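Trainee: Sequence order for the protein chains is A and B.
Following full-length UniProt numbering, the numbering of the first sequence begins with 1 at its first residue and continues without gaps.
Following full-length UniProt numbering, the numbering of the second sequence begins with 1 at its first residue and continues without gaps.
The hints are simulated quantities; they were obtained by calculation from the structure and are not laboratory data.
Covered, in the sense of this in silico footprint (three residues per stretch, anywhere, with C-beta under 8 Å from a C-beta of chain A), are these stretches of chain B:
| no. | stretch |
| --- | --- |
| 1 | 56 to 69 |
| 2 | 99 to 106 |
| 3 | 229 to 242 |
Here are the computed distance ranges between Cβ atoms for each label pair:
| no. | chain 1 | residue 1 | chain 2 | residue 2 | range |
| --- | --- | --- | --- | --- | --- |
| 4 | A | 310 | B | 250 | 40 to 46 Å |
| 5 | A | 25 | B | 133 | 47 to 53 Å |
| 6 | A | 182 | B | 168 | 54 to 60 Å |
| 7 | B | 114 | A | 86 | 26 to 32 Å |
| 8 | B | 373 | A | 26 | 30 to 36 Å |
| 9 | B | 119 | A | 26 | 40 to 46 Å |
| 10 | A | 168 | B | 168 | 47 to 53 Å |
| 11 | B | 110 | A | 372 | 57 to 63 Å |
| 12 | B | 227 | A | 372 | 32 to 38 Å |
Now the stretches of chain B that chain A is said to cover, found in silico as 3 or more residues with beta-carbon under 8 Å:
| no. | stretch |
| --- | --- |
| 13 | 15 to 23 |
| 14 | 32 to 40 |
| 15 | 197 to 208 |
| 16 | 213 to 223 |
Just so it is clear, the structure is predicted and the values come from calculations on it, not from any experiment.
Cβ atoms here follow ideal geometry from the backbone N, Cα and C, with glycine treated the same way.
Protein chains: 2
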Amino acid sequence: MSYFDAASAAPLHPVARQALAASLDEGWADPARLYREGRRARLLLDAAREAAADAVGCRPDELTFTPSGTRAVHAGIAGVLTGRRRVGNHLIVSEVEHSSVLHSAEAHEAAGGSVTRVPVLRTGEATAGSYGEALRPDTALACLQSANHEVGTEQPVSAVAELCREAGVPLLVDGAQSLGWGRVPGGWSVLTGSAHKWGGPSGVGLLVVRKGVRFAAQGPVDERESGRAAGFENIPAIVAAAASLRAVRAEAEQEAVRLRELTERIRTRVPSLVPDVEVVGDPVRRLPGIVTFSCLYVDGETLLHALDREGFSVSSGSSCTSSTLTPSHVLRAMGVLSEGNVRVSLPYGASAEDVERFLSVLPGTVAAVREKLGAPAAPAASVAPAAPAVVDAAAPQGDARVVGTPQGDALVVDALGKRCPIPVIELAKVFGDVPVGGTVRVLSDDEAARLDIPAWCEMRGQEYVGEEPADHGSAYVVRRVS
Amino acid sequence: MSYFDAASAAPLHPVARQALAASLDEGWADPARLYREGRRARLLLDAAREAAADAVGCRPDELTFTPSGTRAVHAGIAGVLTGRRRVGNHLIVSEVEHSSVLHSAEAHEAAGGSVTRVPVLRTGEATAGSYGEALRPDTALACLQSANHEVGTEQPVSAVAELCREAGVPLLVDGAQSLGWGRVPGGWSVLTGSAHKWGGPSGVGLLVVRKGVRFAAQGPVDERESGRAAGFENIPAIVAAAASLRAVRAEAEQEAVRLRELTERIRTRVPSLVPDVEVVGDPVRRLPGIVTFSCLYVDGETLLHALDREGFSVSSGSSCTSSTLTPSHVLRAMGVLSEGNVRVSLPYGASAEDVERFLSVLPGTVAAVREKLGAPAAPAASVAPAAPAVVDAAAPQGDARVVGTPQGDALVVDALGKRCPIPVIELAKVFGDVPVGGTVRVLSDDEAARLDIPAWCEMRGQEYVGEEPADHGSAYVVRRVS
Numbered sequence: 001m002s003y004f005d006a007a008s009a010a011p012l013h014p015v016a017r018q019a020l021a022a023s024l025d026e027g028w029a030d031p032a033r034l035y036r037e038g039r040r041a042r043l044l045l046d047a048a049r050e051a052a053a054d055a056v057g058c059r060p061d062e063l064t065f066t067p068s069g070t071r072a073v074h075a076g077i078a079g080v081l082t083g084r085r086r087v088g089n090h091l092i093v094s095e096v097e098h099s100s101v102l103h104s105a106e107a108h109e110a111a112g113g114s115v116t117r118v119p120v121l122r123t124g125e126a127t128a129g130s131y132g133e134a135l136r137p138d139t140a141l142a143c144l145q146s147a148n149h150e151v152g153t154e155q156p157v158s159a160v161a162e163l164c165r166e167a168g169v170p171l172l173v174d175g176a177q178s179l180g181w182g183r184v185p186g187g188w189s190v191l192t193g194s195a196h197k198w199g200g201p202s203g204v205g206l207l208v209v210r211k212g213v214r215f216a217a218q219g220p221v222d223e224r225e226s227g228r229a230a231g232f233e234n235i236p237a238i239v240a241a242a243a244s245l246r247a248v249r250a251e252a253e254q255e256a257v258r259l260r261e262l263t264e265r266i267r268t269r270v271p272s273l274v275p276d277v278e279v280v281g282d283p284v285r286r287l288p289g290i291v292t293f294s295c296l297y298v299d300g301e302t303l304l305h306a307l308d309r310e311g312f313s314v315s316s317g318s319s320c321t322s323s324t325l326t327p328s329h330v331l332r333a334m335g336v337l338s339e340g341n342v343r344v345s346l347p348y349g350a351s352a353e354d355v356e357r358f359l360s361v362l363p364g365t366v367a368a369v370r371e372k373l374g375a376p377a378a379p380a381a382s383v384a385p386a387a388p389a390v391v392d393a394a395a396p397q398g399d400a401r402v403v404g405t406p407q408g409d410a411l412v413v414d415a416l417g418k419r420c421p422i423p424v425i426e427l428a429k430v431f432g433d434v435p436v437g438g439t440v441r442v443l444s445d446d447e448a449a450r451l452d453i454p455a456w457c458e459m460r461g462q463e464y465v466g467e468e469p470a471d472h473g474s475a476y477v478v479r480r481v482s
Numbered sequence: 001m002s003y004f005d006a007a008s009a010a011p012l013h014p015v016a017r018q019a020l021a022a023s024l025d026e027g028w029a030d031p032a033r034l035y036r037e038g039r040r041a042r043l044l045l046d047a048a049r050e051a052a053a054d055a056v057g058c059r060p061d062e063l064t065f066t067p068s069g070t071r072a073v074h075a076g077i078a079g080v081l082t083g084r085r086r087v088g089n090h091l092i093v094s095e096v097e098h099s100s101v102l103h104s105a106e107a108h109e110a111a112g113g114s115v116t117r118v119p120v121l122r123t124g125e126a127t128a129g130s131y132g133e134a135l136r137p138d139t140a141l142a143c144l145q146s147a148n149h150e151v152g153t154e155q156p157v158s159a160v161a162e163l164c165r166e167a168g169v170p171l172l173v174d175g176a177q178s179l180g181w182g183r184v185p186g187g188w189s190v191l192t193g194s195a196h197k198w199g200g201p202s203g204v205g206l207l208v209v210r211k212g213v214r215f216a217a218q219g220p221v222d223e224r225e226s227g228r229a230a231g232f233e234n235i236p237a238i239v240a241a242a243a244s245l246r247a248v249r250a251e252a253e254q255e256a257v258r259l260r261e262l263t264e265r266i267r268t269r270v271p272s273l274v275p276d277v278e279v280v281g282d283p284v285r286r287l288p289g290i291v292t293f294s295c296l297y298v299d300g301e302t303l304l305h306a307l308d309r310e311g312f313s314v315s316s317g318s319s320c321t322s323s324t325l326t327p328s329h330v331l332r333a334m335g336v337l338s339e340g341n342v343r344v345s346l347p348y349g350a351s352a353e354d355v356e357r358f359l360s361v362l363p364g365t366v367a368a369v370r371e372k373l374g375a376p377a378a379p380a381a382s383v384a385p386a387a388p389a390v391v392d393a394a395a396p397q398g399d400a401r402v403v404g405t406p407q408g409d410a411l412v413v414d415a416l417g418k419r420c421p422i423p424v425i426e427l428a429k430v431f432g433d434v435p436v437g438g439t440v441r442v443l444s445d446d447e448a449a450r451l452d453i454p455a456w457c458e459m460r461g462q463e464y465v466g467e468e469p470a471d472h473g474s475a476y477v478v479r480r481v482s
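Generate coordinates for the entire structure from the input sequences, incorporating the hints supplied.
Mentor: Put into structure tokens, the structure is as follows:
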């Protein structure tokens, strides 16, 4: 088995396991109590806080342990927004933040606050310039991840922090994906992290609030964790989290070089091994262990299951795997292909052999999924043009069915009720049937089509004309230019 | 070492430790993922939910795991208050609830809601009658603990639930102290619990919301735990929590009999072994393992340290051990003595030998603390009366100092700036100096005096006249009747 989804959760580091086992005996009591079991627990908690603060680069009294990274984000954003409500109620986030940040933004809007969602480049980068434009006199807080969790792109945290500093606005950095690799650079004000991303146990997040940042903890609080994280401290897990952070940091520099070389192999070789693939994310300014690509004409969920059967555990931002049936907000914000999306995120210690085996297995796996879905084998534009017709992708097997009168050189594909990647496959199948200069209108009610049809056009060098409202969905219009 | 503070946190049950170790290997991955590690984690989570639901007496889909009992209470109260806000914004809690409930009530008031705090009997019982009186047409939620965490008194949950049912008001039961002993009886609507109270690990709480209860989760949420507890699930800890709940339940009936006999020994023998002790809490309707008593003329913190040196870990609701310098809200609501308060809460497996050793050590330990504080050795009323005088307890060693002119048969003790138990000790020292019918006015700015001076009067059979405002504090007036 090769587990390639470290960006979701890393397996427990041996040091974390050891620390957890040891502190189950010493750290179960209430650290607020005066007796020896309580004092022992307090000593462990204090030591863990010092170790974590040292790794993060803050004072121990600036660092709070929370029950998860998500809770750290929720508490951090709510605390600063409330602490600075006299300044204003404007919040800035990037469009590619982790869902915990975006959920906080939605809650802020629901409570009457205003939110600017900063767009990103096609690489996934939220530029400092965009943050500079978003800053307003009533901005209470800006949020930016240190690196993206789906595509690995590193964000310009230092530059954005500097702009925020000049504007007098605190910057919250979600450091979940990068804290295992090193300190978050720059003059951030609030930092969050999650231990199970660096090989620590579940149940531990970090919330660092720099001295001087106005902060008002929200919801009922108690006396624990400086009033910023209510509830009995999970000391054994906290000890394990701090210990494993130190441990991974000790290996980080060397391991980063190794994993970067392995993900580079995937970045460079996948496009030549598998036709119609788009590798996404910044090729250089990226996390060492993450590489993401999307495969045209592929159903993400089927591909994940097929790879799982081959012994590879990867994740996908494809809508085909999501219960909400909308494609990953990250891929959407980047404007890249979402169908057949695969994120490989290598854990510490991932072997070159496993990566090579992945590269050897992937082409056949993708081909099998495509064959099953009846995807066209070669670029459709090479097919000789025939008379325009109206086809109905909703028919069994995706067979073409005339549903109306062809209008000039326009061909209509009715893919209503069909999920990705079927609308794109149907587009590709008939595209050779329209003459150069002619158009295909794809009727679809699948959210992914909005992303994947333009992406297909870009990959095929065809013109994406635009989207028009249609009965029960949208019409996506594509013009054949070659 | 004898750890007698199970009501704060129980040591990890061997079954919990075993389950935790096993599920660290199987349960670290994201249960929302499709690959095998994710599916394995999901299976563990589902099985733990079923086991916990069975132990609690609910459907699995009614049960949510939270990061702590405190978080379960916060989320449960906020969720029902919001879900039922069209009914009204009135919340009922008892005065002796856990701080997590009272903090939620404070947050509700701060947000404009109204709260009724139901008083309790001297035993700590919140009667059904009081809840019946508190219910209003605009009551959104009532909360009642299954049993009190400081004195062990069981609450009339079934009767209160029935009243609430008739009124159409959901009842939230904080079952933290009793879930290890058995299901919470009666028709409750929402139930909360905390695994580390029953020998499970830290980091796991339970929130059960019965189908049909209007519930709107507050704060940013995500797709985890039915949208009621955001953040990555701590599956190894959840598995251990469920396993240990089953394990302690299997032993509960037998262990309850055994611990009840041991706490009964303490209840009955402490008053004869130690002079001037008040055992508090209901003598019959109580948890098996908890017994609480207060010792006149004793500083709780000093007593705890002394007992710790003798190898006993106990806790105290005495103000003398609290950073906030107010006596336990539970003891205050009960109207009992707070000074020198000791809570003994026996963990599963506590031995009779350890309890006997505690009983043999306690008298000498209390006597030593009293001697150090210069407490009167025998009831002050037996001292022959002398001429009235004004004494100043603030002087070094607590020596009497004339600070004003005696008014008739009234004697004034200035204990301003002195912490419990000094004001009561000074009262007792001079009480023999006033004639029968005369009064002593104790000037004090210590919150505990408000509780402990009336309690002293009750124990001594003297008349507590009342409290009057005074410069820098209050004057507590006591009349000598014998």
